[in-house]
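K.L.:
Here is what each chain is made of, one letter per residue.
2 protein chains.
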Amino acid sequence: MGVDEMWLNSSKIKDTLKDEVFYCNFDEEDSITLRLRSEIVNWLGLKLTTKQELATIKLEIDNKLDKNLEAYRIKGQQIRGTSSKGVLYGFYAYLRRKLIKLPLEETSAPQQALRMINHWDQVDGTIERGYAGESIFFGRFGSNDNTDKGSFEVKDIGTDIFRNDFTRLEMYGRFLASIGINAISLNNVNVRGLGTSLIVSPYIEKVSEIAKIFSSFGIKTFLAVNWAAPKLIGKLSSSDPLEREVRLWWTKVISHIYQVIPDFGGFVVKADSEGEPGPYQYGRNHAEGANMLAEAFQPYQGLVIWRTFVYNSQTDWRNRKSDRAKAAYENFMPLDGKFAENVILQIKFGPIDFGVREPLMPLFGALKKTNQLMEFQITAEYLGHQIDLNYSVPQWLSMIHFSNYGQAKDTVRDNSPVPNNSGFVAISNVGMDENWCGNKLAQANFYGFGRMCWDNNLSAEQILDEWLNLTFTEISAITQKKIFTILISSNRTYELYNAPLSVGSMMVPHYHYGPAINGYEYDRWGAYHFADCNGVGVDRTVATGTGYTSLYESSIAKKFESLEEIADEDLLFFHHVNYRHILHNGKTLIQTIYDQHFEGVSCVKNYIEVWQSIRGEVDEDTYNNVAERLNLQLYNAQNWCDQVNTYFYRMSDISDNQGRQIYK
Amino acid sequence: MGVDEMWLNSSKIKDTLKDEVFYCNFDEEDSITLRLRSEIVNWLGLKLTTKQELATIKLEIDNKLDKNLEAYRIKGQQIRGTSSKGVLYGFYAYLRRKLIKLPLEETSAPQQALRMINHWDQVDGTIERGYAGESIFFGRFGSNDNTDKGSFEVKDIGTDIFRNDFTRLEMYGRFLASIGINAISLNNVNVRGLGTSLIVSPYIEKVSEIAKIFSSFGIKTFLAVNWAAPKLIGKLSSSDPLEREVRLWWTKVISHIYQVIPDFGGFVVKADSEGEPGPYQYGRNHAEGANMLAEAFQPYQGLVIWRTFVYNSQTDWRNRKSDRAKAAYENFMPLDGKFAENVILQIKFGPIDFGVREPLMPLFGALKKTNQLMEFQITAEYLGHQIDLNYSVPQWLSMIHFSNYGQAKDTVRDNSPVPNNSGFVAISNVGMDENWCGNKLAQANFYGFGRMCWDNNLSAEQILDEWLNLTFTEISAITQKKIFTILISSNRTYELYNAPLSVGSMMVPHYHYGPAINGYEYDRWGAYHFADCNGVGVDRTVATGTGYTSLYESSIAKKFESLEEIADEDLLFFHHVNYRHILHNGKTLIQTIYDQHFEGVSCVKNYIEVWQSIRGEVDEDTYNNVAERLNLQLYNAQNWCDQVNTYFYRMSDISDNQGRQIYK
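Chains A and B supply the protein sequences, listed in that same order. Mapping the first sequence onto the UniProt record's numbering, position 29 (from 1) lands on 29, and the numbers just tick up by one. Mapping the second sequence onto the UniProt record's numbering, position 154 (from 1) lands on 154, and the numbers just tick up by one.
Calculated from the structure, these hints are not laboratory results. Any given hint might turn out to be false.
Identical copies carry no separate label here, and so any pair may be met within one copy or between two of them.
In silico DSS-like pairs for lysine-lysine, Cα to Cα no more than 30 Å straight-line [claimed, not checked]:
hint, residue 1, residue 2
1, 51, 558
2, 664, 482
3, 220, 14
4, 12, 587
5, 321, 605
6, 664, 587
7, 664, 326
8, 559, 664
9, 587, 559
10, 338, 51
11, 58, 14
12, 155, 98
13, 149, 98
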């Protein structure tokens with residue numbers, strides 16, 4: 001088996017279109033139109049004529065099509081776009097509709113302007129929170145390790161840090177464009193080792209080779225930077241954003257980048273977070289920090305993407321009034337309106353860190369004068385490491401449709417002073433593994449993220465159906481439905497056997513896979529559950545807790561604040577609750593914990609049965625890949641179930657009312 | 001400051017003896033007599049005459065002195081030994097007595113025949129469980145990292161694995177001989193990477209350079225071997241001890257070693273333990289495994305030191321009948337009498353793993369037909385990493401004086417068919433740090449171990465007094481007493497703020513420093529505390545528990561079995577006890593837990609005050625070194641106190657009866 005083409009199965013597509021003759025009606029060429037021609041001729045091996053009258057499929061630019069430059073229209077055999085980028089999107093949309101036999105009639109423009117992927121790839125080839133082998137950008141050509149680990153120091157691999165696997169990069173660019181991604185950052189936001197030097201020669205020249213490929217797919221390349229770069233690689237004595245020589249240094253560095261990469265996207269910055277350097281150490285605020293870079297980018301329309309994942313990672317568990325959930329709000333809300341036009345705040349969807357159940361981060365809806373990106377995590381850091389199945393689109397959609405002063409999917413754009421500088425961003429889950437994601441079925445998440453960015457009104461079911469149709473065209477509708485049933489419930493199943501009722505953070509420290517109920521309970525990371533012999537949960541109410549509920553619009557706040565009104569699944573994120581408290585489901589909290597964990601395990605057992613029943617119907621690689629991981633998932637689910645249930649049984653001394661096996 | 005000479009302060013000694021003239025009365029020379037001459041002339045720069053009549057101090061061999069070849073007698077200015085080795089020991093004993101002004105009158109022979117040090121040094125320079133910098137044997141010349149970490153993979157550093165710091169090795173050899181050590185193994189018992197090849201060319205030739213130095217100090221060199229070496233480096237298809245070609249391979253390897261190192265000591269073997277290979281994988285028992293090597297060593301009087309630290313490290317926490325404490329007994333007791341004469345079982349003093357409070361391993365006293373070594377750990381893996389003060393000699397003495405069919409210090413020898421093949425062994429705590437041990441005061445443990453091996457009747461107080469006198473000759477008796485008071489109580493203090501009442505294993509996994517109450521509770525290592533809302537502890541009784549108590553002599557077993565008779569400090573190792581149970585101290589278990597933890601912290605605060613009061617009286621390096629670590633110890637003790645107390649308060653809902661601060 002070669003490298004998986006994901007949904008873009010070239011032989012299948014070629015077969016479908018083998019009788020067609022393409023014609024490109026462009027006034028002038030750019031790197032995207034050349035890519036389009038190459039896609040037809042080189043990738044698919046189809047006919048491309050220069051004689052309009054011989055054509056059966058026409059590709060055209062029509063700048064009056066829509067005010068959105070990325071829009072496209074498919075009308076029978078005609079594919080038009082407002083720009084070459086629109087045509088490119090239309091081209092892949094045409095392929096998609098053709099493969100799954102939808103009517104060749106569609107007008108479409110993306111709803112989020114920025115549709116971005118962040119890589120946490122490191123210059124030694126490892127990937128922070130990567131579960132699908134090494135980086136496709138960095139590392140040794142031909143090598144691929146499984147790099148799942150708890151710490152992310154970068155080892156010195158010399159100066160030859162680029163993998164140079166351009167075939168792979170082209171495949172990746174194609175996949176990204178086919179789902180509408182238009183921006184990518186290549187390296188980990190924790191910028192270490194030679195990663196700090198990617199922005200200068202001789203590394204930036206190598207980055208430009210990668211950026212050129214992405215450019216031709218309509219994707220702008222960004223780099224994550226180390227805030228202390230002026231000191232670390234510029235040899236200045238300071239990185240203070242108000243220091244003249246610091247500003248000058250950045251100006252020079254950025255000017256040089258644009259000489260090498262004329263359409264460079266900009267920087268992604270994680271500053272003052274989890275030990276990374278930042279403006280606070282110079283007594284400057286984050287607006288001062290970001291705006292300094294923005295000024296240097298201004299001549300080139302470059303962007304500064306500034307992460308709000310700023311919290312005190314030296315939290316004292318003894319202080320129950322401190323609340324990490326409030327940190328981003330408290331750090332950034334006072335700065336609303338203070339950021340330059342080409343700065344965008346990148347804000348995680350939830351207030352903690354991509355847990356399987358978190359409420360929407362209250363900055364969404366509240367920030368009204370600041371460009372915003374909502375951040376998601378495709379890589380399954382807290383969601384089973386692409387071992388356990390977890391189709392996460394339902395959870396993401398619940399976030400973008402959540403209304404705090406308006407639905408988040410709209411407020412992200414509507415509250416951004418420059419709507420084009422807003423959108424969604426997600427951490428990639430791909431690596432050098434042959435199927436890109438470790439688990440074949442984890443491709444659905446990457447696909448789904450792109451589709452969700454483009455069309456905010458697609459449902460999780462629609463996206464999944466589409467992906468299954470494209471990916472498993474050869475299998476029967478019944479078999480497809482079986483896989484559908486597994487995947488559509490998988491995020492909820494993972495939640496069932498994980499930390500109960502949104503309390504979060506009971507996993508093995510650093511690795512974040514598998515249970516360790518007290519793994520972070522007495523640690524400095526501010527993620528606690530406060531279980532005692534009477535109850536469990538974090539009191540974030542205004543009345544008796546940290547007051548976090550007050551950060552939401554009053555009607556939402558009221559609901560979260562109230563033990564009666566709050567939904568069961570959000571309960572322990574907001575309240576410390578007695579084990580005998582009766583939930584909306586009519587059961588006690590403790591019984592609900594037990595029931596959910598037993599149910600979670602039984603769901604996984606059922607997945608295994610279903611999967612076994614389709615043996616021979618999906619290709620053997622996929623079958624074995626998923627079967628093997630389902631067995632690991634069962635072990636994990638059982639482990640979670642046993643440890644969580646035993647933990648709370650030992651704590652509460654309350655037996656399961658159905659007498660099932662809970663170890664003493 | 002150069003490298004610390006430990007108690008062997010050459011300028012102080014030289015000053016004391018500057019008017020003396022040494023004379024060596026030996027019939028023939030060997031490497032030890034040459035070393036003795038060199039110690040006088042090169043190390044101390046003192047006078048050595050060849051004219052007996054000019055001598056003021058005479059060194060002589062008198063083989064009728066004692067039946068023990070290592071014995072010495074000091075009589076005024078005459079130092080005699082049964083052998084050159086005896087003279088060497090007498091020489092350092094003379095220096096010791098001279099420095100601390102004891103009468104120059106002593107006849108002495110060691111009580112343990114083998115007095116051995118194990119190093120867990122790795123070929124990349126790291127040390128498993130090392131807290132004083134890198135290995136003195138391996139690693140790059142001139143480099144020294146702090147290598148405290150949780151995992152011990154060996155990185156590839158090329159073929160040049162030896163540090164070649166012979167000055168350092170000579171200092172170390174001198175120190176070892178001065179405290180009576182006569183055997184050393186150089187490398188980690190988890191033998192990885194190039195470590196497996198130390199027993200063959202070209203590495204064994206480099207080992208011989210180290211062995212030569214130690215030989216001259218009366219110390220035999222051993223190597224730890226990987227049981228699977230025939231497969232790993234011999235390229236055989238098996239390592240089965242009953243396979244002819246495997247036996248032949250070992251015979252060849254061992255024969256070659258003796259060509260290179262004629263007085264080579266033998267092998268140390270960790271087999272079938274914690275993932276290491278061993279005879280079990282070929283369906284052979286440990287006697288078959290060990291005897292195969294013993295046969296190959298037999299022509300050279302080489303030894304096979306076989307560790308009994310064999311247990312199932314895939315234990316299921318769900319099964320409360322499984323008990324790691326029983327493992328060594330169950331694996332080795334049935335083999336008593338089955339081992340060859342040149343095999344020695346190396347048995348940890350306690351049944352788990354060097355915890356601050358464990359009962360004596362019941363194999364001692366029970367094994368009657370097998371050569372034995374009792375194993376201690378000088379390196380403070382579970383005792384504070386040489387950050388927290390922990391003078392461990394009191395704990396070790398309580399072990400050797402514990403009687404299970406006789407005092408362990410005697411049964412080790414008395415129950416060994418070849419008494420010369422018995423004794424004590426300990427894991428070293430030294431590394432490349434300037435003061436060897438990270439913490440200057442941790443030298444007392446190494447010194448104490450050697451003295452305890454030599455003279456089983458010394459008390460912990462005597463040993464400490466001796467070490468303080470030798471090490472801090474310049475300070476006042478009052479100041480010395482202050483340091484004494486701190487150190488003599490430090491093992492108990494550590495116990496006070498650690499896991500309560502011998503329950504053990506509540507530390508951060510892998511690192512083993514700092515609290516993580518549930519760190520191993522649901523893990524596979526078989527070290528649990530089983531705390532629930534009613535009580536805590538491991539039921540190891542025959543009546544209701546794992547039956548471990550039955551492994552002891554009946555009177556001991558009866559005492560451990562009885563909740564009324566058992567000492568408070570051993571309680572939770574043997575019983576699962578309700579928090580409201582009244583201990584011998586008149587208090588409830590839960591109150592005892594609280595009290596001990598508050599007391600532990602207050603002891604450390606007191607240590608800091610005492611230490612501050614001697615500022616200016618000890619040298620500045622020592623003062624700062626210890627002061628800095630005491631501050632870290634306070635942080636650690638407070639952390640243990642807060643986490644343990646909160647954990648049990650949350651569990652039990654029982655308040656401290658003195659209303660002190662326990663966090664909710």
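K.L.:
Confirm or reject each hint.
P.N.:
Against the structure, the hints:
1. Proximity of residue 51 to residue 558 under the C-alpha cut-off of 30 Å is found in neither arrangement, the shortest distances being 66 Å within a copy and 101 Å between copies.
2. Within a single copy, residue 664 and residue 482 get their C-alpha atoms no closer than 37 Å, and across copies no closer than 48 Å, so neither meets the 30 Å cut-off.
3. For a Cα distance limit of 30 Å, the shortest separation of residue 220 from residue 14 inside one copy, 28 Å, qualifies, whereas the shortest one across copies, 75 Å, does not.
4. In this assembly of identical chains, the alpha carbons of residue 12 and residue 587 never lie at most 30 Å apart, being 52 Å within a copy and 78 Å across copies at closest.
5. Taking CA atoms no more than 30 Å apart as the test, residue 321 paired with residue 605 passes between copies only; the shortest distance there is 28 Å, against 41 Å inside one copy.
6. Taking CA atoms no more than 30 Å apart as the test, residue 664 paired with residue 587 passes in both settings, with 22 Å inside one copy and 27 Å between copies.
7. Proximity of residue 664 to residue 326 under the C-alpha cut-off of 30 Å is restricted to the inter-copy arrangement: shortest distance 21 Å between copies versus 37 Å within a copy.
8. With identical chains, the CA atoms of residue 559 and residue 664 are at most 30 Å apart between copies only, with a shortest distance of 27 Å across copies and 37 Å within one.
9. With identical chains, the CA atoms of residue 587 and residue 559 are at most 30 Å apart within one copy only, with a shortest distance of 20 Å there and 47 Å across copies.
10. Taking the shortest Cα distances, residue 338 and residue 51 never come within 30 Å of each other, neither inside one copy (55 Å) nor across copies (93 Å).
11. For a Cα distance limit of 30 Å, the shortest separation of residue 58 from residue 14 inside one copy, 17 Å, qualifies, whereas the shortest one across copies, 99 Å, does not.
12. In the homo-oligomer, the alpha carbons of residue 155 and residue 98 never lie at most 30 Å apart, since the shortest distance is 47 Å inside one protomer and 53 Å across protomers.
13. Taking identical chains as interchangeable, the C-alpha atoms of residue 149 and residue 98 are never at most 30 Å apart, the minima being 42 Å within one chain and 56 Å between chains.
The structure does not agree with the numbered hints 1, 2, 4, 10, 12, 13 stated previously, though it agrees with the rest.
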